[in-house]
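Enquirer: Read off the chains here:
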Amino acid sequence: MNTIPIIIDEKKLEVDPGKTILEVCRENEIEILTMCHLKGVLDIGACRLCLVEIEGINKLLSACTTKVAANMIIRTNTDRIKKYQRITTELFFAERNHVCAVCVANGKCELQDLGYKVGLDHIRYPHLFPQCEVDTSHPWYVMDHNRCIMCTRCVRVCNEVEGAHNWDVMNRGHQVRVISDFNSPWGESVTCTSCGKCLHACPTGAIWPKAIVQGQLQKNPGMINELVEKRKMKL
Amino acid sequence: MKSETAVPVKDMPKTDPRMKLIAAKLKKESFKPDALIEILHTAQNAYGYLPKEVLSYITKALHLPPSRVYSTVTFYHFFSLKSKGEHTCLVCTGTACYVKGAQAILNEIERGLGLKAGQVTADNKLGVQVARCIGACGLAPAVVLDDEVQAKVTPEEIVQKINAKIGTL
Ligand code: SF4
Ligand code: SF4
Ligand code: FES
Ligand code: FES
Numbered sequence: 008m009n010t011i012p013i014i015i016d017e018k019k020l021e022v023d024p025g026k027t028i029l030e031v032c033r034e035n036e037i038e039i040l041t042m043c044h045l046k047g048v049l050d051i052g053a054c055r056l057c058l059v060e061i062e063g064i065n066k067l068l069s070a071c072t073t074k075v076a077a078n079m080i081i082r083t084n085t086d087r088i089k090k091y092q093r094i095t096t097e098l099f100f101a102e103r104n105h106v107c108a109v110c111v112a113n114g115k116c117e118l119q120d121l122g123y124k125v126g127l128d129h130i131r132y133p134h135l136f137p138q139c140e141v142d143t144s145h146p147w148y149v150m151d152h153n154r155c156i157m158c159t160r161c162v163r164v165c166n167e168v169e170g171a172h173n174w175d176v177m178n179r180g181h182q183v184r185v186i187s188d189f190n191s192p193w194g195e196s197v198t199c200t201s202c203g204k205c206l207h208a209c210p211t212g213a214i215w216p217k218a219i220v221q222g223q224l225q226k227n228p229g230m231i232n233e234l235v236e237k238r239k240m241k242l
Numbered sequence: 019m020k021s022e023t024a025v026p027v028k029d030m031p032k033t034d035p036r037m038k039l040i041a042a043k044l045k046k047e048s049f050k051p052d053a054l055i056e057i058l059h060t061a062q063n064a065y066g067y068l069p070k071e072v073l074s075y076i077t078k079a080l081h082l083p084p085s086r087v088y089s090t091v092t093f094y095h096f097f098s099l100k101s102k103g104e105h106t107c108l109v110c111t112g113t114a115c116y117v118k119g120a121q122a123i124l125n126e127i128e129r130g131l132g133l134k135a136g137q138v139t140a141d142n143k144l145g146v147q148v149a150r151c152i153g154a155c156g157l158a159p160a161v162v163l164d165d166e167v168q169a170k171v172t173p174e175e176i177v178q179k180i181n182a183k184i185g186t187l
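One line per chain: the protein sequences are U and H, in this order.
Per our numbering, the very first residue in the first sequence carries number 8; after that it's consecutive.
Per our numbering, the very first residue in the second sequence carries number 19; after that it's consecutive.
Everything labelled a hint here was simulated from the structure, so no lab data went into it.
Yeah, the Cβ is synthetic: ideal placement off N, Cα and C, and Gly gets one too.
Hints may contain errors.
[Unchecked claim] Computed Cβ-Cβ distance ranges for the label pairs, DEER-style:
#: 1; chain 1: U; residue 1: Pro-133; chain 2: H; residue 2: Ala-122; range: 50 to 58 Å
#: 2; chain 1: H; residue 1: Glu-128; chain 2: U; residue 2: Gly-52; range: 45 to 53 Å
#: 3; chain 1: H; residue 1: Ala-42; chain 2: U; residue 2: Ser-144; range: 35 to 43 Å
#: 4; chain 1: U; residue 1: Pro-24; chain 2: H; residue 2: Lys-78; range: 38 to 46 Å
#: 5; chain 1: H; residue 1: Lys-78; chain 2: U; residue 2: Asn-178; range: 19 to 27 Å
#: 6; chain 1: U; residue 1: Cys-202; chain 2: H; residue 2: Lys-78; range: 19 to 27 Å
#: 7; chain 1: U; residue 1: Asn-178; chain 2: H; residue 2: Glu-174; range: 40 to 48 Å
#: 8; chain 1: H; residue 1: Gly-185; chain 2: U; residue 2: Pro-192; range: 29 to 37 Å
#: 9; chain 1: U; residue 1: Leu-234; chain 2: H; residue 2: Ser-48; range: 33 to 41 Å
[Unchecked claim] Calculated cross-link-like contacts (lysine to any residue; reagent style SDA-like; alpha-carbon spacing at most 20 Å):
#: 10; chain 1: H; residue 1: Lys-100; chain 2: U; residue 2: Met-177
#: 11; chain 1: U; residue 1: Lys-124; chain 2: U; residue 2: Phe-100
#: 12; chain 1: H; residue 1: Lys-100; chain 2: U; residue 2: Ser-191
#: 13; chain 1: H; residue 1: Lys-100; chain 2: U; residue 2: Val-176
#: 14; chain 1: U; residue 1: Lys-89; chain 2: U; residue 2: Arg-131
#: 15; chain 1: H; residue 1: Lys-78; chain 2: U; residue 2: Ser-191
[What the hints assert, rightly or not] Partner residues aside, some chain H positions facing chain U, computed with beta carbon under 10 Å:
#: 16; residue: Lys-70
#: 17; residue: Leu-73
#: 18; residue: Ser-74
#: 19; residue: Thr-77
#: 20; residue: Leu-99
Model the full structure from these sequences, guided by the hints.
Expert: The structure is reproduced here in structure tokens:
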């Protein structure tokens, strides 16, 4: 295949057309912060954490949903981008109720890691403190909406990989919530196969297994793409 | 996990003219999942809201995931999941019912109970709604009081029945 020339952060690269900016950056060890991206499921550009600057385009574009084009000049770490990463991270924390000290995912959480990475020491926005449910009706797993960041990785994995489509999103604006079936308790789902993929896809402590000891949470989001690849192989 | 929470399609009340309207619409749209919004419109217009059983019925008929349907319903302001008021009075204002005096019924309800279409009493006891043809034209003018279709009613009768339901006067 013919390659195309692009420049990322002053670095000249020859890359395959058809790839996203994010894919190219990951292959070349250029760091891009992401949250809604999960390798193995479709990218939707929802979280706006992976924004990059492209010369000639005024708007910042999401690296996960923008394909590379010949002669693109891309910047991933300007002050403008860092400012937005910081804002996005603060909003994640302000929107729901995140109390890391008492969270099962403490020390194993992508949101917490992100906070450290952008140097979050305080949040400039008022916390919404919404009333959120904790659904413990499933025999093995818990869904705690207090810790959900609406990345919809669980929704996509359940739909695209497991094919069950237990999850979806209801309402709009601040009222959005991930729902099981007809917004009914997860334990009463007629679609969930209890496969556990959503738990591994979830970047925070929103979905977790009941059978764990505090601080022992093990999530393996990389497993999702491995599954997708193995299914393609059909050995 | 419970195996079935939804009402099986075959058990839907066949006698309810509103269900027949939805069934006809489903058929007209060849049970295509893409037609979800159109079918929900038909159901919302027939019932004044989207009862749970009706949603399950549509979900199964279209072979859609329940969460997808719920997501669509909660996205648009046009759809509502709750009936307005503990008791509901749905006055059909379709052509046949209109000709046979639907407006007189609405007037009497307004006079006797102080409620206009789309309103609910302050104590939430009664909600009054209108619908375009509920599929019972032979019974015109038709009114649906809670789940019962009232055939060929007079304005006075309907107000009396409502009063009996909500226990006023
Ligand atoms: S356990 Fe599997 S089937 Fe059930 S909601 Fe999660 S991903 Fe979907
Ligand atoms: S439950 Fe987890 S995976 Fe699902 S939307 Fe919320 S944070 Fe994302
Ligand atoms: S990772 Fe690109 S928008 Fe979320
Ligand atoms: S017009 Fe009222 S039932 Fe058809």
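Enquirer: Can the suggested window of 40 to 48 Å be confirmed for the beta-carbon pair U/Asn-178 and H/Glu-174?
Expert: This hint holds: roughly 43 Å between Cβ atoms.
Enquirer: Given a hint of 50 to 58 Å, does the C-beta separation of U/Pro-133 and H/Ala-122 actually sit inside it?
Expert: This hint holds: roughly 54 Å between Cβ atoms.
Enquirer: Taking the CB of H/Gly-185 and the CB of U/Pro-192, does the distance hold inside 29 to 37 Å?
Expert: 34 Å, holds
Enquirer: Given a cut of 10 Å on the nearest C-beta pair, is the interface hint for H/Leu-99 held or broken against chain U?
Expert: 9 Å, holds
Enquirer: Cβ-Cβ distance between U/Cys-202 and H/Lys-78: within 19 to 27 Å?
Expert: 23 Å, holds
Enquirer: Under the criterion that the straight-line Cα-Cα distance not exceed 20 Å, is the pair U/Lys-124, U/Phe-100 satisfied?
Expert: The hint holds at about 14 Å.
Enquirer: Cβ-Cβ distance between U/Pro-24 and H/Lys-78: within 38 to 46 Å?
Expert: For U/Pro-24 and H/Lys-78 the Cβ distance comes to about 44 Å; the hint holds.
Enquirer: Verify the interface restraint on H/Lys-70: the C-beta must sit less than 10 Å from at least one C-beta of chain U.
Expert: Holds - the Cβ of H/Lys-70 comes within 10 Å of chain U, reaching about 7 Å at its closest.
Enquirer: Are H/Lys-100 and U/Met-177 close enough, with their CA atoms no more than 20 Å apart?
Expert: 15 Å, holds
Enquirer: Is 45 to 53 Å respected by the C-beta to C-beta distance linking H/Glu-128 and U/Gly-52?
Expert: 51 Å, holds
Enquirer: Within a Cα-Cα threshold of 20 Å, do H/Lys-100 and U/Ser-191 meet the stated pairing?
Expert: 15 Å, holds
Enquirer: Is it true that the CA of H/Lys-100 sits at most 20 Å from the CA of U/Val-176?
Expert: Holds, at roughly 19 Å.
The earlier numbered hints are all upheld by this structure, with none contradicted.
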